[in-house]
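Engineer: Letter by letter, the chains look like this.
There are 2 protein chains.
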Amino acid sequence: MKACIITIGDELLQGFTLDTNSNWISKQLSKHHVDVGLRLTIPDSDAGIHSALNNVLDNDFEYVFITGGLGPTHDDITRNSLKEFFNCDLNVIDDHHESLIKWISQRGRKIPSNLKSQSTILSISTAIANSIGSALGMKLRSGKTTIFVMPGVPAEMKKMMTDYILPENFTRPDDSQFITIRTSGMGESIIFDKISHVIDKFGNNIKVAFLPSHRGVNIRLKNLSSDLQKMVKLKDEISKVLQSIIFTEDDRDLQEVTGQMLSDRRLTLSIAESCTGGLISKLFTDQPGSSAFLLGGVIAYHNDLKMDLLKVSAETLENVGAVSEETAKAMALNIREITGSDFAISTTGISGPGGGTEDKPVGLVYIGMSDANGVIVKKFNFLKTRKLHREMTAATAINMLRLLLLEKYSTT
Amino acid sequence: MKACIITIGDELLQGFTLDTNSNWISKQLSKHHVDVGLRLTIPDSDAGIHSALNNVLDNDFEYVFITGGLGPTHDDITRNSLKEFFNCDLNVIDDHHESLIKWISQRGRKIPSNLKSQSTILSISTAIANSIGSALGMKLRSGKTTIFVMPGVPAEMKKMMTDYILPENFTRPDDSQFITIRTSGMGESIIFDKISHVIDKFGNNIKVAFLPSHRGVNIRLKNLSSDLQKMVKLKDEISKVLQSIIFTEDDRDLQEVTGQMLSDRRLTLSIAESCTGGLISKLFTDQPGSSAFLLGGVIAYHNDLKMDLLKVSAETLENVGAVSEETAKAMALNIREITGSDFAISTTGISGPGGGTEDKPVGLVYIGMSDANGVIVKKFNFLKTRKLHREMTAATAINMLRLLLLEKYSTT
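Listed in order, the protein sequences are those of chains A and B.
Letter by letter, the first sequence follows residues 31 to 442 in this note's numbering.
Letter by letter, the second sequence follows residues 31 to 442 in this note's numbering.
Treat the hints as calculated values from the structure; they're not laboratory data.
As the list makes no split between identical chains, a pair holds if one copy fits it or if it spans any two.
Derived lysine-lysine pairs resembling DSSO-like cross-links, with alpha carbons at most 27 Å apart:
| no. | residue 1 | residue 2 |
| --- | --- | --- |
| 1 | LYS417 | LYS57 |
| 2 | LYS57 | LYS188 |
| 3 | LYS237 | LYS224 |
| 4 | LYS169 | LYS32 |
| 5 | LYS57 | LYS260 |
| 6 | LYS224 | LYS263 |
| 7 | LYS174 | LYS61 |
| 8 | LYS237 | LYS32 |
| 9 | LYS409 | LYS341 |
| 10 | LYS237 | LYS140 |
| 11 | LYS438 | LYS409 |
So here's chain A without its partners, still in its complex pose (with noise of 0.2 Å):
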């Protein structure tokens, strides 16, 4: 079943609003079995949307998804667009007028002029109720292909694809046919030269693809065949190759792994901030239960707050300055002792753009760890903008943690 999606908006191709209805319909029918062959994109104009139509009816897809453009404003244009291509009539359901102008009513508003076209529908579609906003959605079919009409609100998008259109039209949920192996601490290309002998062996019938982040490298596969046991046998094949360096094969976080870790064995996270000024602990609280694990911690962002809270020495800051080894020591062993949790975490480093030197340039990070047994710091040079250099330093130093626990606190 191949299934095409089309958004409609000039805010989405001017890039003003982030166009997250195309993501979620895709993952939901990827769920469904469905394969999305083709994402549109295309401005609020009949020359647009008509153009679309014709291209999509003429690729034989068999499910079309349309959100946007069905709001009671004058740049809400599809309804009428639909209603030219398909040259047929309106109607307006009676029904769903009548509750709108109750629910308004009893809201002591004004009736909006406009409301009776949130109400109407092509005379070739039959209605999709809205259960929170206005306007209906629709469902037609051209040819061989069945066509979706959806307001672009995401959460009445949402509601009508969850409650009507996928349980009326499509086999319930099934993820078996996909596996994700999520990694962190090693390169795209050096994990696939890893593998690669392990995909061409076992690897049949089976898509894989990498998709790299600076978070980490995710490995999809994709079955292609009834045979769900070879991809389980891939998989396992590609575990006993990468190991630690992968965290998990469902769809958690790193953080989310590294939490749970943490719960599961009743032990306790303090952190201590510098160059990520909050963005580890951020990351963890994320997380609902994360109380259970994380104490807390200090962000240190001047010098004298890493005097004052967490006692580094002064002389440490002056002889060998806040980006040091000795610096990231102390906040990792005092922040641990302040707040008495197992494990403690400390990063200093110097994300940009400006307050690099020669000796110290922008990119320079040292990461702490400190358990019971002692300290460890390491050093690293992630040369990136601003943003990746603070996302990269709290995604390694997660993932610092995560091995810790893996190699010495084991749950037996």
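Based on the hints, put chain B in the right spot on chain A.
Structural biologist: Below, chain B alone, put in the same frame as chain A:
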């Protein structure tokens, strides 16, 4: 000038990866007066790539921007697929290849077998340097269309666009056709009610869009006539009504504006975060130059840290609890005193999904703000997901600081 953006990747169509490249490129092109008429997302397949190219070349786009599929692994097929489509040869750029080898050798790593692909370009193209990754970009012409091919890794694509493609091919940015009024602290429908009479009176030939998010509402004006003064007049009239609700008319974030206000006034800030867990500090330190005003702070997730590092009394925590006006007050007062900052922000609340009680439900949050004159605490109930609760708390806290600075700390 009309452009088309093509993003290539199965991971995009499967919803595994959110396509942010299209949005970013759209935004840059808008600023350069290039209209994006179409965006396509297509699979890693020759059929998909060739069909998309036929489509865009038939439609007379002046510029086509392609991202994705230039990496070193077997699923990166863009380069070869374009070679077949244009029926040309491939060239290796030796200088780039040697510099990659040198870079890898210096780090004591093994040279990957497929490294040469990263320096390989179409014979009909010129290379675009990649200063932070391995794969070269390409620029080529086909008929009247200029095509740019870039890696899918966002940071690499952005650097290529910013350093080479935009300055060398397009006139410099001019935003005069657009004005964006950014607000914080008031809902969309209230803002609309307040300014709709102004829009009716002064908004002829100006498109006004309301773009709400949980961080605030942006009001976007687009000039449709040759008379820019009319749009400036409308903007001024809206400003008169909304006043301090507006935090900027450029493209800065709330935290950027607030940080700049602190820097301009040579005032400093410290932060004591509980439920936001580092998010506020992270938002401020995302900005270069934040060390000019942010001293740092304490993340007191566990009550022990509220007592030990923030000197919140055991009585307060026992009698009224961590999520209370008194605790927020003590946190804001004490972190300011400990760090010697001019201002301090504190947050304590229940972001959920767990941790709520009948008295203190999920969503409850107290935000404290202290300066030399004392401390104020405000209570909110943001009934949202954990993520939105944290983001709304952070935005509300930063906006409180901005309003305090506006009211009581003028620059003159």
